[in-house]
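S.K.: First to last, the protein sequences are chains A and B.
Following the numbering used here, the numbering of the first sequence begins with 1 at its first residue and continues without gaps.
Following the numbering used here, the numbering of the second sequence begins with 1 at its first residue and continues without gaps.
Quick caveat, the hints were computed from the structure, so don't treat them as lab data.
Careful: at least some of the hints might be erroneous.
Where chains are identical, the list cannot tell them apart; a pair therefore holds if satisfied intra-copy or between any two copies.
[Said to hold, decoys possible] Under the rule of at most 25 angstroms between Cα atoms (straight-line distance), these lysine to any residue pairs were calculated in the SDA-like manner: (1) 87 - 37; (2) 87 - 109; (3) 42 - 113; (4) 109 - 34; (5) 124 - 104; (6) 65 - 45; (7) 109 - 43; (8) 124 - 93; (9) 109 - 125; (10) 94 - 43; (11) 109 - 41; (12) 75 - 103; (13) 124 - 41; (14) 129 - 10; (15) 85 - 113; (16) 129 - 107; (17) 129 - 47; (18) 2 - 121.
As a plain string of letters, each chain reads:
There are 2 protein chains.
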Amino acid sequence: MKVMIIGCGRVGSFLANRLDEVGHQVAILDRNQQAFRRLSEKFSGERIVGNGLVEEFVRPTLQEKTDMFFAMTDKDNVNLMIAQKVKQSFHVEKVIAVVHDSILAGLYKELGVETVCPTDLVIKDLLEKIQEG
Amino acid sequence: MKVMIIGCGRVGSFLANRLDEVGHQVAILDRNQQAFRRLSEKFSGERIVGNGLVEEFVRPTLQEKTDMFFAMTDKDNVNLMIAQKVKQSFHVEKVIAVVHDSILAGLYKELGVETVCPTDLVIKDLLEKIQEG
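Chain A on its own, in the form it takes in the complex (with noise of 0.2 angstroms):
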């Protein structure tokens, strides 16, 4: 599969490392350079620096037909507007964002935007670990 990952923080570079693991072909972007640090010596995918909103650092990537997108910055409003963007601009299967806001995470559902909302699954499991206790 071909996959598009945004932002290599914590989350993107994980993911970007699993998967060119296990043989997809995955590009990852970040606006920093010294981000990339963070991919394993292993990883065979393309860094791309840049910024995520700005069509030309993304096109090259995604005018051949991408499987998934992810949007893994550490901005809500950022991953939000270029999974928008993708979804609307480009053939992607699969676009999914993380956004910490719950009711943003919400309302973009709704709105056809897949998220991952860390507040939600961290509460989720504190209301698990009480129940336990």
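With chain A held as given, fit chain B onto it using these hints.
M.R.: For chain B alone, kept in the frame of chain A given last:
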């Protein structure tokens, strides 16, 4: 149950509102008074403005038996320092810290500090979403 929460961010405030709503005795601390705007109007617990690392701010609550303590600031090191100190100095049944760094979270789990790692939870959720797709 008696509960203390450090950090009135998204997770801390949700937890405070929820536990207060179902009848627990909640004290929540934040360095920033403004953070308490996240609490529900119905919140009947205690709001403490102060630094969770400074004992005088947590002692008045913790010197009486406390059932659960949550270190929920956005800083891993602060959460771990507070959690360890509370475990050492007070009698609290359950101490849980949010730790974004997967490796740190794993290490401290081995040392007996219960941790919740948003990074691990997001990655797990993403990998499930990829399998589904």
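S.K.: Looking back at the hints listed earlier, which ones does the structure fail to meet?
M.R.: 1, 3, 4, 7 and 11
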